[in-house]
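All chains, full assembly: derive it from the sequences and hints.
The listed protein sequences derive, respectively, from chains L and G.
Taking this note's numbering, I'd label the letters of the first sequence as residues 363 to 525.
Taking this note's numbering, I'd label the letters of the second sequence as residues 62 to 167.
Keep in mind that the hints are not guaranteed to be accurate.
[What the hints assert, rightly or not] With a straight-line cut-off of 25 Å between C-alpha atoms, the simulated BS3-like cross-links for lysine-lysine are:
| hint | chain 1 | residue 1 | chain 2 | residue 2 |
| --- | --- | --- | --- | --- |
| 1 | L | Lys-442 | L | Lys-368 |
| 2 | L | Lys-442 | G | Lys-94 |
| 3 | L | Lys-376 | L | Lys-447 |
| 4 | L | Lys-442 | L | Lys-376 |
| 5 | L | Lys-442 | G | Lys-103 |
| 6 | L | Lys-447 | L | Lys-368 |
| 7 | L | Lys-442 | G | Lys-97 |
| 8 | L | Lys-447 | G | Lys-94 |
[To be verified] With beta-carbon atoms standing in for the labels, derived distance ranges:
| hint | chain 1 | residue 1 | chain 2 | residue 2 | range |
| --- | --- | --- | --- | --- | --- |
| 9 | G | Ala-140 | L | Asn-369 | 54 to 62 Å |
| 10 | L | Ala-410 | G | Ala-140 | 23 to 31 Å |
| 11 | G | Arg-66 | L | Leu-502 | 24 to 32 Å |
| 12 | G | Ala-91 | L | Pro-439 | 16 to 24 Å |
| 13 | G | Ala-140 | L | Lys-447 | 48 to 56 Å |
| 14 | L | Met-381 | G | Ser-95 | 32 to 40 Å |
| 15 | L | Leu-505 | G | Ser-95 | 26 to 34 Å |
| 16 | L | Ile-437 | G | Gly-142 | 41 to 49 Å |
[To be verified] Derived list of chain G stretches under chain L, where covered just means 3 residues or more per stretch with a C-beta under 8 Å from a C-beta of chain L:
| hint | segment |
| --- | --- |
| 17 | 68–80 |
| 18 | 83–93 |
| 19 | 113–120 |
| 20 | 143–152 |
| 21 | 157–165 |
The hints are simulated quantities; they were obtained by calculation from the structure and are not laboratory data.
Just so it is clear, CB atoms sit at the ideal spot from N, CA and C, and this is done for glycine as well.
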Amino acid sequence: MFLGYKNPPIDLMKEILLMTHVFLGVLCILGALWVFVDTLNAHDTNLARIRLVSRFVPVVMTLGFLIAGYWYVNIYPADKAIILKGPWPFAHDFFMETKEHLVLMLLLLTLYLPIASSADLSSNREARRLTLWVSSLIVLTGLMMEGEGGVISMGLRMGLLPH
Amino acid sequence: MENPRLSSNSTAFGIALVVASIANALLVAAKEKSPKVLGFMKGLTGHHWITHCTFIILLFLVLGWILSHINGNKGIQMASGLLNATVVGGVILAGMIIVGFYLIVG
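Below is the structure:
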């Protein structure tokens, strides 16, 4: 036993993978929020920063997506069985089912962000508007993903309680 | 001076984003309602979600590339305001289809 784990290397790796994907999701949301705020005040001096951060967003999102995908395919089935037998089956039936498909839209939005923000945002009103919409959709969808993740982990916790 | 035009890549990949998002939502409904579709998707990569993601990401990238290279490499033409509305409306609609499907049917 180490830190309460029966098989420390493998059990710890599962926890680290889970927390890393949440952390990368938060970085993605913060990056998109940064792009949104900087785009509201777009001028010649912050264009390079907007482009840099808008490229950072799909990088962290893709990393988080790959880690989450590995976790979902290889580790989640055991958790799913516990959730479905517990008092909160909707944590999988609704929240995980929507999350696993909405996250794909989030990935596409982040891939599109650097394309939308590649124009001269200080002089192009429509490109500015498009970047604002895309970054705000990333923030809102990202927050929704974080919330759904919270309900799913709560569903697992409820399933582990004696009932 | 204000420049009202969007680049050909913005337009092409914007439309590809909407098409891929709607296809993502429709594929959810198809595989949840048809065991044949689900079985076929599982058979391709070993897991339906991996096949689903691969197809949608490839659709976005390939369609975006094609649309940005048509018209003699000028890309697809579309009014900027219409593209903005299409991207926002399309993505929100796709999200609503997925949420609505699992709320009502799933």
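The hints, checked one at a time:
1. L/Lys-442 x L/Lys-368: holds (21 Å)
2. L/Lys-442 x G/Lys-94: The hint holds at about 20 Å.
3. L/Lys-376 x L/Lys-447: holds (21 Å)
4. L/Lys-442 x L/Lys-376: holds (15 Å)
5. L/Lys-442 x G/Lys-103: holds (18 Å)
6. L/Lys-447 x L/Lys-368: holds (23 Å)
7. L/Lys-442 x G/Lys-97: holds (23 Å)
8. L/Lys-447 x G/Lys-94: holds (23 Å)
9. G/Ala-140 x L/Asn-369: 54 to 62 Å: At roughly 59 Å between Cβ atoms, L/Asn-369 and G/Ala-140 fall inside 54 to 62 Å, so the hint holds.
10. L/Ala-410 x G/Ala-140: 23 to 31 Å: At roughly 29 Å between Cβ atoms, G/Ala-140 and L/Ala-410 fall inside 23 to 31 Å, so the hint holds.
11. G/Arg-66 x L/Leu-502: 24 to 32 Å: holds (27 Å)
12. G/Ala-91 x L/Pro-439: 16 to 24 Å: holds (22 Å)
13. G/Ala-140 x L/Lys-447: 48 to 56 Å: holds (53 Å)
14. L/Met-381 x G/Ser-95: 32 to 40 Å: holds (36 Å)
15. L/Leu-505 x G/Ser-95: 26 to 34 Å: holds (32 Å)
16. L/Ile-437 x G/Gly-142: 41 to 49 Å: holds (45 Å)
17. 68–80: Since three or more residues must qualify, the claim that chain L covers the segment 68–80 of chain G holds, with 6 doing so at under 8 Å.
18. 83–93: The restraint on the segment 83–93 of chain G holds, since 3 of its residues have a Cβ under 8 Å from chain L and three suffice.
19. 113–120: holds (count 4)
20. 143–152: Per the Cβ count (5), the hint holds.
21. 157–165: Check passed, 4 qualifying residues.
Taken one by one, the earlier hints all hold for this structure without exception.
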